[in-house]
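Kindly generate the complete structure, drawing on both the sequences and the hints.
Sequence order for the protein chains is L and B.
Sequential numbering of the first sequence, starting at 1, is according to our numbering.
Sequential numbering of the second sequence, starting at 1, is according to our numbering.
Derived by calculation from the structure, the hints in this document are not laboratory data.
Keep in mind that a hint or two might mislead.
In the DSS-like style, the derived pairs of lysine-lysine whose C-alpha atoms are separated by at most 25 Å in a straight line are [unchecked claim]: (1) Lys13(L) - Lys78(L); (2) Lys51(B) - Lys78(L); (3) Lys78(L) - Lys240(B); (4) Lys340(B) - Lys13(L); (5) Lys340(B) - Lys59(L); (6) Lys59(L) - Lys240(B); (7) Lys288(B) - Lys92(L); (8) Lys340(B) - Lys18(L); (9) Lys292(B) - Lys278(B).
Residues of chain L placed beyond 10 Å of chain B at every Cβ, according to the derived structure [unchecked claim]: (10) Ala15; (11) Arg16; (12) Glu30; (13) Glu39; (14) Glu66; (15) Gly71; (16) Ala75; (17) Asn79.
Ideal Cβ placement from N, Cα and C applies to all residues, glycine included.
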Amino acid sequence: MSLDRTAVAKIAKLARLKMDPERLDAMTGELNRILSFVEELQAVNTDNVEPMTSVRPMKLRQRPDEVTDGGNPEAVLKNAPQRQGDFYTVPKVIE
Amino acid sequence: MSIDPATLTISAALEGLAKKDFTSVELTEACVSAMQAAKPLNAMITETPEKALEMAKASDARRAKGEAGLLDGIPLAIKDLFCTEGVLTTAASHILDGFHPTYESTATANLWKQGAVMLGKLNLDEFAMGSSNETSYYGPVINPWRAKDGTRLVPGGSSGGSAAAVAAGFALGATGTDTGGSIRQPAALCGITGIKPTYGRVSRWGIVAFASSLDQAGPMTRSVRDAALMLQAMAGFDPKDSTCVDLPVPDYTASLEAGVKGLRIGIPREYRMDGMDKEIEALWTRGKEWLKEAGAEVIDISLPHTHYALPAYYIVAPAEASSNLARYDGVRYGLRVPGKDLIEMYENTRGEGFGREVQRRIMIGTYVLSAGYYDAYYTKAQRVRTLIKRDFEEAFQRVDAILTPTAPNAAFPVGRKNDDPVAMYLNDVFTVPINLAGLPGLSVPAGLNGEGLPLGLQVIGRAFDEATVLRVGRAVEKAANFTARPDAWWRQ
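Shown next as structure tokens:
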């Protein structure tokens with residue numbers, strides 16, 4: 001299975017990565033190289049083998065559904081690239 | 001007295017502190033000046049000398065009161081993947097520009113609780129993705145070991161700064177993280193010791209995530225005993241990491257000197273690969289002989305799916321990475337590159353903020369998780385992962401530990417393997433299967449090659465049996481008697 005430039009552009013769009021045309025060309029070659037490397041897996045017989053979901057057989061722990069933290073907007077917003085009051089700001093979404 | 005931190009292990013320094021040969025402030029000052037003299041290695045992203053001295057003073061006060069912890073007064077450096085409260089944390093990525101966490105990772109908090117002192121934050125491959133520390137936004141780390149003709153070599157990766165700092169001698173120990181070999185491979189390439197604990201042994205909370213089902217933090221040190229001590233401090237149950245295991249942490253130093261008499265050590269035949277480096281093969285044979293002479297029973301074993309570990313890893317790890325790295329969108333922290341609308345702002349930020357290797361992995365991950373390809377790639381890789389884990393489970397019915405080389409080559413020149421991503425991936429061929437199976441793995445420096453560069457041997461153990469891994473590692477360390485150190489060419 002090999003990816004063409006259009007397919008790679010679509011993946012870049014899905015991944016929200018801006019890619020200029022030269023980068024897109026280089027990426028197409030690199031991805032195909034990696035995909036042909038992982039292609040080897042198709043040779044392994046995995047009939048009746050369950051996919052691994054956990055390193056150790058364990059049930060995910062549950063905790064009581066209660067508030068343990070919060071009420072500190074300054075800490076939450078401390079690293080905001082842009083803010084207004086207690087809100088993050090982003091480019092306008094709705095006209 | 002004048003202290004040369006490069007000559008001290010953590011254990012020796014603790015003794016010196018206990019006997020009042022020197023104070024933590026004196027030791028820390030020596031480490032700080034050695035760190036500042038080691039700039040040509042580019043091992044640090046952020047140095048925190050004031051914080052270090054403050055912590056050292058507090059440690060001396062605790063010791064005077066008789067309240068010293070397990071690592072009290074010991075200067076350590078922290079991989080810049082661990083969130084440190086109020087101290088810049090970058091993951092060596094442009095996209096985390098200016099990020100100052102408001103919280104501390106559990107693993108580092110555990111070290112501070114035991115009295116350790118922080119020297120600063122270490123360089124690494126961007127988001128821990130790499131095997132040579134050349135993908136860092138902050139530039140490559142240079143290995144303290146040089147080729148005979150003076151060529152600059154990579155320290156391995158992704159914990160390249162950690163390995164360089166410990167090998168150069170300005171940090172007595174360092175934290176690393178290991179997703180596919182990122183503690184063990186750089187430890188081998190820099191002639192130091194490093195252990196990747198069992199998945200779930202050390203909390204992942206507050207560590208920048210790469211591939212959540214594979215990531216595990218561990219210590220990088222100058223001796224197996226130091227690794228045991230530092231792991232003791234880092235490990236333990238943490239309710240904030242849902243995959244962290246609620247098991248008691250044994251005393252890792254207790255059985256360290258017990259020797260290997262009566263232990264069964266497996267030698268997996270699949271690790272003997274075509275075209276294998278002759279010196280590495282010879283070192284592996286020597287390792288086998290050492291353990292035999294120490295009384296272990298050496299047994300040939302088979303791990304039949306070894307060949308498929310690397311391709312499975314390069315599906316699973318990028319898949320998890322693409323999902324984990326979706327959070328970097330320029331909204332809540334780090335870099336923001338403006339765009340005409342929200343989507344364009346995301347694309348510009350991520351396009352500029354992530355380096356090439358990280359983008360490659362996000363792309364592969366996005367593709368293998370996309371509709372129509374999920375089963376063919378991701379589910380298939382997870383099935384193969386089950387087979388790899390099963391191989392180890394069957395082997396551990398017959399043996400107590402497994403011995404292999406750590407890496408297929410010694411340190412290589414900066415820039416050598418940058419053209420082909422797959423050639424770089426092959427560096428992790430002996431370490432990746434251990435992450436896929438979630439097992440503990442240790443690298444011990446075991447000899448020098450003809451170029452005078454260090455080589456390591458890897459000890460693999462049963463899940464949560466770090467004690468045996470360390471004990472076997474100690475036997476290898478004793479027999480190898482690796483005392484070589486790089487000449488301090490970098491000192492300014």
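Hints, verified against the model:
1. Lys13(L) - Lys78(L): Answer violated: Lys13(L) to Lys78(L) is near 30 Å, above 25 Å.
2. Lys51(B) - Lys78(L): 21 Å, holds
3. Lys78(L) - Lys240(B): Cα-Cα ~22 Å, so holds.
4. Lys340(B) - Lys13(L): 16 Å, holds
5. Lys340(B) - Lys59(L): Judged against 25 Å, a Cα distance of about 46 Å means the pair is violated.
6. Lys59(L) - Lys240(B): This hinted pair holds, its Cα atoms lying about 15 Å apart.
7. Lys288(B) - Lys92(L): 65 Å, violated
8. Lys340(B) - Lys18(L): Judged against 25 Å, a Cα distance of about 13 Å means the pair holds.
9. Lys292(B) - Lys278(B): 21 Å, holds
10. Ala15: The assertion about Ala15(L) is violated, with a minimum of 4 Å to chain B.
11. Arg16: 4 Å, violated
12. Glu30: Non-interface label on Glu30(L) violated, nearest chain B Cβ at 6 Å vs cutoff 10 Å.
13. Glu39: 8 Å, violated
14. Glu66: With a cut-off of 10 Å, Glu66(L) remains clear of chain B, as the shortest Cβ separation is near 13 Å.
15. Gly71: At roughly 14 Å from the nearest Cβ of chain B, Gly71(L) sits farther out than 10 Å, so the non-interface label holds.
16. Ala75: The claim breaks: Ala75(L) does not keep its Cβ more than 10 Å from every Cβ of chain B (closest is about 4 Å).
17. Asn79: 3 Å, violated
Hints 1, 5, 7, 10, 11, 12, 13, 16, 17 from the list above are not met by this structure, while the remaining hints are.
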